[in-house]
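Peer 1: Using the sequences provided together with the hints, build the complete structure.
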Amino acid sequence: MEEHTSTDTPCNASAVASEISPSFSLALATFVAIVGVIGVGLFVLKVSLHSLMLMALLIASVSAWSLYRGGFAPIRDAMNAGITRALSAIYIFILIGVLIAAYIQSGTVATLIYYGLAFISPAIFLPAGLILCSFMSVATGTSWGTVGTAGVVLIGIGSAMNIPLPLVAGMVVSGAVFGDKMSPISDTTNLAAMSAKTDLYAHINSMLFTTGPAYIIALGLYSYWGMAYSDNAMPRDTIDTLLQAIENTFSVHWLAILPLVVLLVLSFKKVAAEPAMMMSALVAVIIALTLQGRDFDAVLTALWSGEKPQTGVENLDNLLSRGGISSMGWTLFLSLQALALGGILAEFGFLRVLIAGMVARIRRRASLVASTIVACIIGNMSMGEAYMSIILGGQLYGDAYDDKDIDRRVLSRSLEEGATLSTPLIPWTTGGAFFASTLNVPTLDYLPYALVNLINPVLAIAFAYMGIALFRAKA
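Reading the sequence shown from the start, the letters are residues 2 to 476 in our numbering.
Everything labelled a hint here was simulated from the structure, so no lab data went into it. Careful, some of the hints might be misleading.
As the list claims (entries may be wrong) - Here are the computed distance ranges between Cβ atoms for each label pair:
hint, residue 1, residue 2, range
1, Pro443, Leu88, 23 to 29 Å
2, Ser224, Ser22, 47 to 53 Å
3, Ser327, Ile469, 46 to 52 Å
What the hints assert, rightly or not - For lysine-lysine, the following PhoX-like pairs were computed, each having C-alpha atoms within a straight-line distance of at most 20 Å:
hint, residue 1, residue 2
4, Lys405, Lys475
5, Lys405, Lys198
6, Lys47, Lys475
Being a predicted model, the structure only gives us computed values, none of them experimental. Just so you know, even glycine gets a beta-carbon here, dropped at the ideal spot from N, CA and C.
Peer 2: The following block contains the structure:
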């Protein structure tokens with residue numbers, strides 16, 4: 002294949018963006034058009050999200066070209082910049098696909114489902130699952146790793162207990178994102194503190210005032226729902242059939258849980274996510290070859306195409322038929338489109354102008370908090386990931402918080418409550434696409450049950466207007 006060469010004049014997107022700037026009306030019209038196309042396509046026409054993202058890219062490209070009519074090169078550079086910013090997320094996609102396949106082959110998932118069904122009552126499943134995901138996410142600093150491991154197991158247990166999967170997925174997302182938001186080793190937690198120019202632990206302490214009450218409310222609601230669904234649980238003889246099928250297909254042994262233990266230990270030691278996942282997957286492969294007696298070629302094949310066990314129980318086969326690099330294709334391609342879209346909107350200044358216009362119209366201190374949260378949600382919808390929303394929010398809102406004598410830890414908290422919490426709830430963001438694909442539950446199906454993600458921003462805005470935790474800057 003010949004190397005692509007462009008006839009356009011080489012041009013750096015950032016250099017172009019520094020020379021031109023869209024008007025607030027153009028930025029707003031572009032954003033409304035993009036959201037409108039995606040909304041109508043999803044809810045009315047039921048069109049594939051990938052096709053809708055192509056339409057959104059076209060709208061953004063036309064708007065960008067209307068500012069700079071010198072060829073396509075700056076627009077391409079902007080798309081490349083958007084993708085490059087989130088390359089680490091792409092690597093994580095691939096590694097989690099490998100990790101899930103390896104965990105299924107090693108019997109890790111099956112063993113955890115086995116013990117979960119044997120010892121966990123349906124009445125306490127939802128609150129227990131929330132606490133488990135929260136603990137694991139705080140410990141590892143990653144909601145993605147939590148969803149790809151504990152989340153997959155909990156989906157399996159919840160399905161066997163006849164608990165609606167959107168409810169289970171919402172609980173998993175709530176716990177995973179709570180831990181990611183509160184963990185001192187989480188990338189978004191550190192990024193929010195740095196972007197707002199505040200101390201990391203002051204930032205975490207500030208979040209406790211809003212996230213703590215939201216978590217308690219969510220825990221209570223999940224406990225209530227758990228009691229409600231306990232009467233609809235799968236009959237004991239059916240569960241016994243599932244347990245027997247697992248025993249017949251896998252060697253249920255404590256060693257099968259070792260890959261997950263390795264992942265947790267490495268995360269506690271602050272090893273980077275990528276090598277920690279690779280080491281955990283390697284341990285899982287070794288256990289699959291030894292404890293489970295799998296063939297080497299079958300193990301390697303499954304790392305690409307996923308595991309497809311034959312347990313003799315259709316529901317169990319469906320639960321365990323997942324993972325592999327190829328399974329992440331849908332998520333990967335959607336994320337690339339969303340990141341390219343975000344690159345155009347960021348590099349050509351659309352999002353910056355939109356947020357700056359919002360800041361200029363703010364008069365009340367509480368409205369500043371509400372505006373920050375809304376702006377970060379808009380940023381996620383525009384750029385497909387949380388990092389740039391947090392960075393831009395910190396840059397554009399910092400002086401406004403100082404002018405209104407609000408401590409920067411309120412800014413850092415608001416950045417997370419807008420950006421970190423909304424990412425899993427937007428279908429075309431990297432987080433929304435990944436969680437939906439991994440849990441096999443559409444984003445909009447689990448959205449109503451992701452209680453922490455929904456309650457926390459509402460409480461934060463309500464508290465701001467009541468003057469609660471709206472800390473003044475220190476003299």
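Peer 1: Hint by hint, say whether it matches the structure.
Peer 2: Verification of the supplied hints:
1. At about 26 Å, the CB distance of Pro443 to Leu88 agrees with the hint of 23 to 29 Å.
2. At about 51 Å, the beta-carbon gap between Ser224 and Ser22 stays in the expected band of 47 to 53 Å.
3. For the pair Ser327 and Ile469, the beta carbons lie near 49 Å from each other, so the given range of 46 to 52 Å is met.
4. Restraint check for Lys405 and Lys475: satisfied, since their Cα atoms lie roughly 12 Å apart, inside the 20 Å limit.
5. Restraint check for Lys405 and Lys198: the C-alpha separation of about 16 Å stays at or below 20 Å, so the hint holds.
6. Of the pairs offered as hints, the one joining Lys47 and Lys475 is violated, with about 52 Å between alpha carbons and a cut-off of 20 Å exceeded.
Checked against the numbered hints given earlier, this structure breaks only hint 6.
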